[in-house]
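With the hints as constraints, model all of the structure from the sequences given.
Letter by letter, the chains look like this.
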Amino acid sequence: MDELHLVAQLRDNYPAGIDLTEPERRLSAEIRAAAATSQGRGPRRGRPGRSTSSWGRFGPKLVATGAIAAAVAIGAAIALQSVPAHPAAKAGGSPKTSADAIGLQLADYASQAAASEPEWQPDQWVYSDILRPEAQPKPGATNPTITWTQVDGDQFGYLQGGQLVINPLGPLAQPTPVFWKDVTANDMYSYVLSLPTTPAALRAVIVNNLETAAQSRPAGAPSLGDGNSAVFTAISATLIYYVLPPKLLAAVYGVLATDPVVHFDKSVTDNAGQTGVGFYMTQGSSKSEIMINPSTYAYMGHDSVSNAQSYWIDLVSSGIVQQAGQTP
Amino acid sequence: MSHAHQTVMKPAATGDDEPDGEIIGRSRGEPELFSLLFLRHATGVGRYAARRLGPNLAEDIVAETFLVAFRQRDRYDQARRDARPWLYGIAGNLIRRHHRDEVRQLQALARTGVDSVAESFTERADARLAAGAASRAVAAALAELDSDQRDVVLLITWADLTYDQVAEALGIPEGTVRSRMNRARSRLRAALGDFNPTTIA
Numbered sequence: 001m002d003e004l005h006l007v008a009q010l011r012d013n014y015p016a017g018i019d020l021t022e023p024e025r026r027l028s029a030e031i032r033a034a035a036a037t038s039q040g041r042g043p044r045r046g047r048p049g050r051s052t053s054s055w056g057r058f059g060p061k062l063v064a065t066g067a068i069a070a071a072v073a074i075g076a077a078i079a080l081q082s083v084p085a086h087p088a089a090k091a092g093g094s095p096k097t098s099a100d101a102i103g104l105q106l107a108d109y110a111s112q113a114a115a116s117e118p119e120w121q122p123d124q125w126v127y128s129d130i131l132r133p134e135a136q137p138k139p140g141a142t143n144p145t146i147t148w149t150q151v152d153g154d155q156f157g158y159l160q161g162g163q164l165v166i167n168p169l170g171p172l173a174q175p176t177p178v179f180w181k182d183v184t185a186n187d188m189y190s191y192v193l194s195l196p197t198t199p200a201a202l203r204a205v206i207v208n209n210l211e212t213a214a215q216s217r218p219a220g221a222p223s224l225g226d227g228n229s230a231v232f233t234a235i236s237a238t239l240i241y242y243v244l245p246p247k248l249l250a251a252v253y254g255v256l257a258t259d260p261v262v263h264f265d266k267s268v269t270d271n272a273g274q275t276g277v278g279f280y281m282t283q284g285s286s287k288s289e290i291m292i293n294p295s296t297y298a299y300m301g302h303d304s305v306s307n308a309q310s311y312w313i314d315l316v317s318s319g320i321v322q323q324a325g326q327t328p
Numbered sequence: 001m002s003h004a005h006q007t008v009m010k011p012a013a014t015g016d017d018e019p020d021g022e023i024i025g026r027s028r029g030e031p032e033l034f035s036l037l038f039l040r041h042a043t044g045v046g047r048y049a050a051r052r053l054g055p056n057l058a059e060d061i062v063a064e065t066f067l068v069a070f071r072q073r074d075r076y077d078q079a080r081r082d083a084r085p086w087l088y089g090i091a092g093n094l095i096r097r098h099h100r101d102e103v104r105q106l107q108a109l110a111r112t113g114v115d116s117v118a119e120s121f122t123e124r125a126d127a128r129l130a131a132g133a134a135s136r137a138v139a140a141a142l143a144e145l146d147s148d149q150r151d152v153v154l155l156i157t158w159a160d161l162t163y164d165q166v167a168e169a170l171g172i173p174e175g176t177v178r179s180r181m182n183r184a185r186s187r188l189r190a191a192l193g194d195f196n197p198t199t200i201a
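Quick mapping for you: the protein sequence lines, in order, are chains A and B. Just so we're aligned, residue 1 is where the first sequence starts under the working numbering, counting upward by one. Just so we're aligned, residue 1 is where the second sequence starts under the working numbering, counting upward by one.
Think of the hints as simulated: they come from the structure by calculation, not from any bench. Think of the CB as a built atom: it goes at the ideal place given N, C-alpha and C, for glycine as much as any other residue. Take the hints with a grain of salt, since some may be wrong.
With the Cβ distance kept under 8 angstroms, some of the chain B side facing chain A (calculated, not the full set) [what the hints assert, rightly or not]:
(1) V117
(2) S135
(3) L142
Which chain A residues face chain B? A few, computed with CB under 10 angstroms, are given here [what the hints assert, rightly or not]:
(4) D2
(5) H5
(6) I18
(7) D19
(8) P23
(9) E24
(10) R32
(11) A34
(12) A35
(13) A101
As structure tokens, then:
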């Protein structure tokens, strides 16, 4: 072992990352100022709601049309690197690209738009209109589902024969995972509303949930996959089942935008024919994509293709309302 | 409604391998693109600075490095595809301002076996990394180097730059880098003597 190897090993076992939140914030401010000076355009505002998506409204060349806050997202995201790595995190990912930079911008815009959104209250209701394939599919058949879930977890509403039916929301026999933490139906939104709304902190929670789940996983049971891909999967599974408040949803986009195995699609079309953008992950021949309305920043749905088999779900519309039976 | 995912879900062209130089060039008209440079290199620069000075100072170093780089992006030669030498050069200038702190920490590590840089990572007394004999010897040797020599050695061993990249980072001829490296290695060998550990704590 020569002297350079000895030097190379000194402090080599220290943590891989430092907290880059503050450096990112400072750079973001600088970039904002420069962008504002050169272009003078601010972020568009959006509100989660019906997915009237159109990339055109967001701007076909978001970077070039004055995405002032692009860099803001970077740090939110970049701060992720200060989060302790998932023990199983070995997935390297490919370099972030200019398209991925647009994903960062999207996350930042979503965050800024969400900042002015009021907090969800316990007596409000979460509305969702979901479109998914029929369990026993007929050609072209789908299964629309409109539901209202009270934020405090007490009640659940749905349409039956055109009439609104409201039932108590009892604890489910099988808790449902929220970012891979098992939560009962009664507690799901109290847990959701307790989550941090910055990407770095949220990712830390997800990683912790994954670690906890991995520790209790029976020997031989399938795992979620390695580190970063597991984070993507945990997010995908959550978005499929839960409508999230805007601030948390923006943080989710921030996590996705900076995940090394996740990349950004500038144009996707969901199964309802609506266009949007997406964060996707590929593994071999499989592709899994989270679709987003770039105008409202609402989650549009999920699309997975693996071995010529596909799974999809579209969130046609979602939002917070005062009473069950209302639409956003 | 379409189930033809293969035809519907086409990823957009991404320009995955766009060199740093081109991104910096484009960022002159589209400042937001500079965020990509941060994404690509902030972790590496941060880790390098943290190994030299500890995480607290490293945060400032990273922040200042990218601010300076952003402000000077007009001067960057776009033909240089890899921006790391430029960024590490800026970071090195900032690290040099803390020369005394760095040497003091290395000397303390050599003397006590407790690495204050590692300590500031853990912030837990019971998690102190008591350095082994090899670490202490290396720290003592690094502390004895001239700062110019230490920069060259650490840019190569900790930042994984090549000789020509170090030359670019420091703004000196490659021959100067090699001569500094040779002198540094001689001094390290002399300081480390016959020390030949199989591991270093």
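Each hint, compared with the structure:
no., hint, in the structure
1, V117, "holds (6 angstroms)"
2, S135, "holds (6 angstroms)"
3, L142, "holds (7 angstroms)"
4, D2, "holds (8 angstroms)"
5, H5, "holds (8 angstroms)"
6, I18, "holds (4 angstroms)"
7, D19, "holds (6 angstroms)"
8, P23, "holds (4 angstroms)"
9, E24, "holds (7 angstroms)"
10, R32, "holds (8 angstroms)"
11, A34, "holds (4 angstroms)"
12, A35, "holds (5 angstroms)"
13, A101, "holds (5 angstroms)"
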